[in-house]
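Peer 1: The chain contents come next:
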Amino acid sequence: MDLNEAAERISRKFQTQNVEVDPALVMRKLQTLVEEFGVNLPEAERTVTADLGRQYNLSLSPTQTTTEREIGGLVTGEWVTIEGQVVSITIPPTDAIAQSGVIADASGAIQFTMWARAGHEPLEAGQWYRFESAVVDEYRGVPKVNLHQGTTITPIEDRAPVTPAYINVDDLRPGIASVRVKMVQEWENRHERILQTGLVGDESGRIKFTIWKEEGKTPLAPDTVYAIRFATVEEYQGRLSITLNTANYSVDSGEIEVASGPAGTLKKESITGKVVALTTPGSPSIAQSGIIAYPEGAMTFVAWASAGAPKMEYGRWYRIENASVGQFRGAQRLSIGEETSLTGIESDTPIVPAVIPVRDLAPGVASVRVKMVQEWENRHERILQTGIVGDESGTTKFTIWKEEGVEPLSPNTVYTIYYATVDEYQGRLSITLNGAMLLAEEGATLEVGTGGTTISGAIVNVGPGSGLIKRCPVEGCNRVLSKRNYCTVHEIQTDFRYDLRIKAVLDDGQKAHNILMQREAVEALSGLSLDEAVKMATESPLGMDDVFYRLRDGMMGRYYACTGSDLGDTLLVRECRPLGPDRERHAALLNHLGGEMNAS
Amino acid sequence: MPAERAITPRYEREPARRVFAAELREATHHFKDGEDEKSPTYVLLPTGERCNRVFFVGSMTQKEKRGEQNIFYSVRVVDPTGTFYVTASSYQGEAMTQVSRIDPPAFVAVVGKPNVYDAPDGRVFVSIRAESVTVVDREMRDCWVLDAAEETVRRIDALETPEDDEEDQVKKDDRKKAQERYRVDLAAYRQMVYDALAQIDM
Chain A
1 MDLNEAAERI
11 SRKFQTQNVE
21 VDPALVMRKL
31 QTLVEEFGVN
41 LPEAERTVTA
51 DLGRQYNLSL
61 SPTQTTTERE
71 IGGLVTGEWV
81 TIEGQVVSIT
91 IPPTDAIAQS
101 GVIADASGAI
111 QFTMWARAGH
121 EPLEAGQWYR
131 FESAVVDEYR
141 GVPKVNLHQG
151 TTITPIEDRA
161 PVTPAYINVD
171 DLRPGIASVR
181 VKMVQEWENR
191 HERILQTGLV
201 GDESGRIKFT
211 IWKEEGKTPL
221 APDTVYAIRF
231 ATVEEYQGRL
241 SITLNTANYS
251 VDSGEIEVAS
261 GPAGTLKKES
271 ITGKVVALTT
281 PGSPSIAQSG
291 IIAYPEGAMT
301 FVAWASAGAP
311 KMEYGRWYRI
321 ENASVGQFRG
331 AQRLSIGEET
341 SLTGIESDTP
351 IVPAVIPVRD
361 LAPGVASVRV
371 KMVQEWENRH
381 ERILQTGIVG
391 DESGTTKFTI
401 WKEEGVEPLS
411 PNTVYTIYYA
421 TVDEYQGRLS
431 ITLNGAMLLA
441 EEGATLEVGT
451 GGTTISGAIV
461 NVGPGSGLIK
471 RCPVEGCNRV
481 LSKRNYCTVH
491 EIQTDFRYDL
501 RIKAVLDDGQ
511 KAHNILMQRE
521 AVEALSGLSL
531 DEAVKMATES
541 PLGMDDVFYR
551 LRDGMMGRYY
561 ACTGSDLGDT
571 LLVRECRPLG
581 PDRERHAALL
591 NHLGGEMNAS
Chain B
1001 MPAERAITPR
1011 YEREPARRVF
1021 AAELREATHH
1031 FKDGEDEKSP
1041 TYVLLPTGER
1051 CNRVFFVGSM
1061 TQKEKRGEQN
1071 IFYSVRVVDP
1081 TGTFYVTASS
1091 YQGEAMTQVS
1101 RIDPPAFVAV
1111 VGKPNVYDAP
1121 DGRVFVSIRA
1131 ESVTVVDREM
1141 RDCWVLDAAE
1151 ETVRRIDALE
1161 TPEDDEEDQV
1171 KKDDRKKAQE
1181 RYRVDLAAYR
1191 QMVYDALAQI
1201 DM
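Protein chains in written order, with this note's numbering: chain A, 1 to 600; chain B, 1001 to 1202.
Everything labelled a hint here was simulated from the structure, so no lab data went into it. Possibly wrong hints are sitting among the right ones.
Not the full set, but computed from the structure, chain B residues with beta-carbon under 10 Å of chain A [claimed, not checked]: (1) P1015; (2) R1053; (3) I1071; (4) P1105; (5) V1133; (6) V1135; (7) R1138; (8) L1146; (9) A1148.
A few chain A residues facing chain B, derived, Cβ under 10 Å [unchecked claim]: (10) E36; (11) E43; (12) T47; (13) D95; (14) I97; (15) G101; (16) K208; (17) S241; (18) G509; (19) R550; (20) R552; (21) G554; (22) Y559; (23) R583; (24) L589; (25) G594.
In silico negatives: residues of chain B with every beta carbon more than 12 Å from chain A [claimed, not checked]: (26) E1035; (27) K1038; (28) Q1069; (29) N1115.
Virtual Cβ for every residue (Gly too), placed ideally from N, Cα, C.
Bound-form chain B, shown alone (with noise of 0.2 Å):
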């Protein structure tokens, strides 16, 4: 019989999630998947999906140059239902250098690893640390929406209705986890992706 994948597992690149901002800021449960100071870690998306990387297309409404002798860039990027707050910082040179040429306002693509970090007053926020940061334009930004919109929605309903026997352990643990650790109004979110692609023209 001949064997599906007797390539020898080698390095997975993590695939780049699509979440609408407004999910990405409700997501506080991170974790490290193995004991390796090198083991990949994670946000817990809470309509239960484990993500490393992102991929957005929003406007980038503000930038600002921050830190004294570490000097980093902090943005605002905000989709239709929210935003983003991402960072590019020397350990990137490359996003430092595409997000110091980038006037705002302007639509820009991000790809870069959420970072869900605890305020001294215990709070929790989720940022962005960019890997790459490039202006498109707007049409490039309602394929992104689409995009969101129906990974969102493949996320909601496989919440709703498990029945995917052909899915790995990994998937439905993560499914589980995230309706312990979160309590997500399923419908709220629906609202929420109706109303980002009600609002691009088409």
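Just chain A, with the same shape it has in the complex (with noise of 0.2 Å):
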């Protein structure tokens, strides 16, 4: 689909209503939408549709038919009366749905909803119905047929069961097929709820399969070539999959010769190192946990219970291929998998921790030598000690977790930490020192600065009391005056004295952090001094809510990290900077992405 069609298909709409819009203005608030504002082609189409519908007061909204259709030809948008057998029942995705499944004729099989308060009888599988007045919308480009309140289902009697038309891998398209299949890839489960996902394929081509976990459903057999009916294609995004929930497959006759298609190549890492740590793995799944370090660093690894590797040795070599190298929590982590390949050797290559100070931490795996310097009360059983470590650099939380031969640290120490996991949650680093080697200097003495703490996110709210303020000139008040120039405590005051200021609420998704900048912060951010906003403030006949309105329509939505001291509440930002999009970031994500859904 491109531009030029969506444009022609446009101009073709109007002309079927009998208006000639111009094909050069469609094509440019097309390209507009486009180009200028990411706006998908689907979603523009529509917008200008729209747009040109309103000026030329036309109504383009789907006619409403209730004529007796074919299943195999129905479009969006359409009322509709079909005849129809239930092919399939499947579990509803969520409460508001009573029953979900396929409808099939000759002509074709199409996925139906029945909604749980429409109140109908639930459908019984393999019975003929008529179902009057329906709507086929669409859910992730797969048309649907909705049974809602309004539609009339009669059941027929003495109808013979449909037949599925088989169809090629490679003409499928979103919707209920049927195929002739081998199965040729099975992937590592990633996901409780589902039973098997590989790849299935014919001559034509491959394609993905997922069957989620549902009672009756059985996995396919490595190289088997099975007949599927009914089941569910979906395209997410510009590549399709089928689903066997909605299907019946079972084990076909014949051979078939699977075309070599795009088969997901595995994007793999291999790694040399000692293995610095072992962790209790926090879930059944994983076998082994830990850190493993080499010349250039550290990370975390983890060795997944399906993989069977043989069992790593604390403080040995090895050399580990084909591993994949994920994103958790913002550090990187090794995977072991199936593919893996894990070999003990011999090495006497030296691995010093380089030791970082408490400022430069980011997620992973990290070197520091810090002082203990408070405590915290324990709000956890699991938890054996948590608080605060520092440096002169600045601080940082600690967590050690209960687990045998752990020891707390003792308040005022100094201790070197190798290899301890850095995580960061809700925009705070924190580390854990499970599995980290502490190393007590007794008599040591490390003063330890505060930094300051810094919160990125985005301004989600300016709030009252922001902008060009009034204060109370009586000494030592300095208390905000209201309007009229009230003060709480000392009543009127004509000769106040001004005063710019910004409350508001920087949010990072997780926790909304309260910001309250001073005079020069706001100067320094906004660009508008003191002396500007008095200005501002008297020649507009919005008065001191024209500087409100000017900082917060600068502010609102946009990210930032500012710094500043903890007040418990409320951060008192020193300084605060605007943030841009970070290219590492992207290219992290997508590598990440990438490799996470290629090893799927």
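Take the two lone chains, each set in its own frame, and fit them into one complex as the hints suggest.
Peer 2: Here is the structure:
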């Protein structure tokens, strides 16, 4: 689908209503939306059609016909009457849906959704029905029939069962289809609700399949040919896959030579390193977890139980080939899966972990030299100790989980900590010491700096009392005056002084942080000086509100990193830095997802 | 032992979740936390997080003034994965004023509350009641796509490998509830995030 086609379709649509639209104008509107504003083409087409429709006062909504139709020819947006056989019933994805499944006739098959609110009797598998006034819509590009309150459903007796028409894999399109295919590849199961996922194919191509766990569903056997009737074909951002939960399938005779399609080349990494920590795996699907160090650094690893890899030993060197590196809680993590090969080796390569300042911590594995400065009350029975450690550059939270052989830190003692795991949670970093090597330095001293707290996020609220304000001039008072120059303690004050400040909410998606910016920070960020703000307020008919709106409109919905002192429930901002899109994060995310998707 | 949080708990503002339109569209489960009339209502995201407020940046493609006595704006904002349906009514006077001044197409940053409602025929829709709508630029849109991608991946990863013992029970329960209520194909969600990222030029 390209711009020209869409433009042509729009022009044709208006022609059928006897309206000539300027093709160049249509094209320009589409182009602006798609190229300048990153709008996807279907949405752009819809927008331009609706805009022009309004302009010419035309109603372009789909026509409501209730004539009897063949299932194979249904179009989204129609009201229809159909007759069909219920060929499958599936477990509905949400409570709002009473029943879902597939209805077929000789011309084709379509999914149906029977909404709970509609109050219909449940349909029976194998039975034919007449459905009057059903609505056709689409969900993720797959057409569906909605059986709602206004739909009349009548069973029909004595009809022969529908025989499915098998089609080639490369002819599949979103909807319901039947195929004869061979199972060619099974993928590692990454979700407990999936029974099986992998690739099936025929002479024309290959396609990803999924079977969700559900009563009566069995996995496909490798290298076996199946007749799959009434599977759901979905398209997601240009890629097709089939789900067998709507289907019934059976082993079929005959052999199939499967086309060598794009079989998903795996992006894998190899690494040679030493196991410097073994930690308690957090889930039964993980056989072993820990930290592996190599001359350039260290990272956490997991060996999946399904991989059946040999147990690694603490302190030993290994050559790990074909492992995937993914992102876990903001840090890189090595995944040892089925295809990974693991060989114990001898090595005397020295590994000297670099000790870094606390300020430079980033998610991953790191070594620091710190003093334990604060112990917090324990709020979780599995935690042995939690509190704050720090060095000259700043402080960070630490946690030690209860585990055999671990001991708490002693207050005011300096430790060199090798291979701590650094996590990011709610925009703040913390270190976990389980698995780390701790060396206490008796009698050592260390000056712990405060460094300040930095929070990054988007401004989602600029509160009242922001902008230009008036303060009470009475010495030592400094309270903010009301609009009528009233101080709660010193009453009306005409000789007030102006000030600039912003009370806002900086939100990182996990937590909404209150921030308070004083005059210097506001001026630096907005480029508006106090004098200019006063001038603006005196000249504008909106008065001080004008300053508020200008500051608000300039800050709302934008990303910043704010540094200052944490007053408990408010961050008193010293400096605020606007953030732009981060190329490195973009690349890292793409890599992470690319790796994971290929591995799945 | 110094107490970590000796301060009495006070009103805590709900965080604004970063969620792509395609995921929000699939949210159907909503609930109230508590009996009180003022108790917050939440939408449960398919990736397992409760959400009472959202923040997103996208392209406003259309706005329509509707209603006779109670005027409101109905706005479409698209991100790389789909469309957010946004309303701004006189109950959120500021947002309505802001919207009235914006001419689509424009990049906008929206803060608002998601609402799940059931149509009379039983279908379920999600729309967002805007608290604030501000015009921003393409850079901020890209920033948000990254942010939403990261948050979505974090939720997907947590669903897949729940091993964060430090987390409170509420988060764990929400994830469990989402797994019961929704049938999420995590691979498809990953693909969604990947494609959203691939659509922005850095």
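Peer 1: In ascending order, which of the hints set out earlier in this document are inconsistent with the structure?
Peer 2: Violated: hints 3, 15, 19.
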